[in-house]
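J.: Listed below, chain by chain, are the residues.
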Amino acid sequence: GIQVEQSPPDLILQEGANSTLRCNFSDSVNNLQWFHQNPWGQLINLFYIPSGTKQNGRLSATTVATERYSLLYISSSQTTDSGVYFCAVYSSASKIIFGSGTRLSIRP
Amino acid sequence: KAGVTQTPRYLIKTRGQQVTLSCSPISGHRSVSWYQQTPGQGLQFLFEYFSETQRNKGNFPGRFSGRQFSNSRSEMNVSTLELGDSALYLCASSLETGVYEQYFGPGTRLTVT
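Chains A and B, in that order, are what the protein sequence lines are.
Residue numbering for the first sequence follows this note's numbering, starting at 1 and increasing by one per position.
Residue numbering for the second sequence follows this note's numbering, starting at 1 and increasing by one per position.
The set of hints was computed from the structure by calculation and includes no laboratory data.
These numbers were taken from a predicted model, which means no experiment stands behind them.
One or more hints might be untrue.
Which chain B residues face chain A? A few, computed with CB under 7 Å, are given here [said to hold, decoys possible]:
no.	residue
1	G42
2	L43
3	L88
4	V99
5	P106
6	G107
Below, computed lysine to aspartate or glutamate pairings styled on EDC-like, alpha-carbon distance capped at 20 Å [claimed, not checked]:
no.	chain 1	residue 1	chain 2	residue 2
7	A	K54	B	E101
8	A	K95	B	E96
9	B	K13	B	E82
10	A	K95	B	E52
11	A	K95	B	E101
Computed list of chain B residues with no C-beta within reach of chain A, every gap over 10 Å [what the hints assert, rightly or not]:
no.	residue
12	K1
13	R15
14	G16
15	H29
16	F69
17	L81
18	L110
Ideal Cβ placement from N, Cα and C applies to all residues, glycine included.
Using the sequences and the hints given, assemble the complete structure.
T.: In structure tokens:
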């Protein structure tokens, strides 16, 4: 089945720094979403981005489907950005596959 | 619109018991999917229901089952609980089945002792 790899697994930054999170997938996908899981376990939708680039405030994402990767950019990090970031892809077998996540810690 | 709701939020059960978790999707959403999250295995797809029919199933034993009602609400059941079933169970809804954006509920944290 399709493999989804996220990097880096852990990232520790100072408040105000910028970061780039990467999601690689091993096969063609029909959909890709980025989520932020807060400390209480809630998955919050960030982007629905099967291809192209989207921006929402300090966050933006780019998916290059032909090269099988997606990037999530976080600028001017705040402590509230801490948590785990997941990408999830929708495979041709109609199943959602999650990556293992990037744990982001923003220090004040 | 109200978001996806899940009940109960926390649950403690004993090995061998069974448990039923409930999920109410966003109004108008017809597809409901269930996921299990554990520290060791990460987020894994359990199954998806659409129009009261199971559309997709992940690689879980038959002890895990679900159903969907005519109002799109869904329940999942785990029978003969094992210690390894301790996890956060997340439900997500989407407008239709297929490549539609999924919205997650807050989850049910199940502890099996």
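J.: Taking the hints in turn, state whether each one holds.
T.: Against the structure, the hints:
The interface hint given for G42 (chain B) is met, as the beta carbon of that residue sits about 5 Å from the closest beta carbon of chain A, less than 7 Å. Because the beta carbon of L43 (chain B) sits about 4 Å from the nearest beta carbon in chain A, less than 7 Å, this interface hint is met. Evaluation of the L88 (chain B) hint against chain A yields a held restraint, the C-beta minimum of about 5 Å falling below 7 Å. Restraint check, V99 (chain B) versus chain A: the minimum CB separation of about 4 Å is within 7 Å; hint holds.
Contact between P106 (chain B) and chain A, as hinted, is supported at the beta carbon level, the nearest pair being about 5 Å apart and thus within 7 Å. For G107 (chain B), the suggested interface contact is upheld, since its CB lies about 5 Å from the closest CB of chain A, less than 7 Å. Taking the CA atoms of K54 (chain A) and E101 (chain B), the gap is about 15 Å. The hint holds against a cut of 20 Å. Using a Cα cut-off of 20 Å, the hinted pair K95 (chain A) and E96 (chain B) holds, with the two alpha carbons roughly 14 Å apart.
Taken as a hint, the K13 (chain B) and E82 (chain B) pair is honoured in the structure, with Cα atoms around 10 Å apart against an allowance of 20 Å. For the hint pairing K95 (chain A) with E52 (chain B), the CA-to-CA distance comes to about 18 Å; that is within 20 Å, so the pair holds. A distance of roughly 13 Å separates the Cα atoms of K95 (chain A) and E101 (chain B); the hinted pair therefore holds under the 20 Å criterion. Residue placement check: K1 (chain B) keeps its beta carbon more than 10 Å from all beta carbons of chain A (closest about 14 Å).
Distance check for R15 (chain B) against chain A: the nearest CB is about 23 Å away, which clears 10 Å, and the non-interface claim stands. Taking the minimum C-beta to C-beta distance to chain A, about 26 Å, the non-interface status of G16 (chain B) holds against the 10 Å cut. Interface exclusion of H29 (chain B) from chain A stands, the closest Cβ pair being 13 Å apart, more than 10 Å. Every Cβ of chain A is farther than 10 Å from the Cβ of F69 (chain B); the closest lies at roughly 22 Å, confirming the non-interface assignment.
The claim that L81 (chain B) lies off the interface holds: its Cβ sits roughly 20 Å from the closest Cβ of chain A, which is beyond the 10 Å cut-off. Annotated as non-interface, L110 (chain B) keeps its C-beta farther than 10 Å from every C-beta of chain A; the closest such distance is 12 Å.
Every hint from the earlier list agrees with this structure, and none is contradicted.
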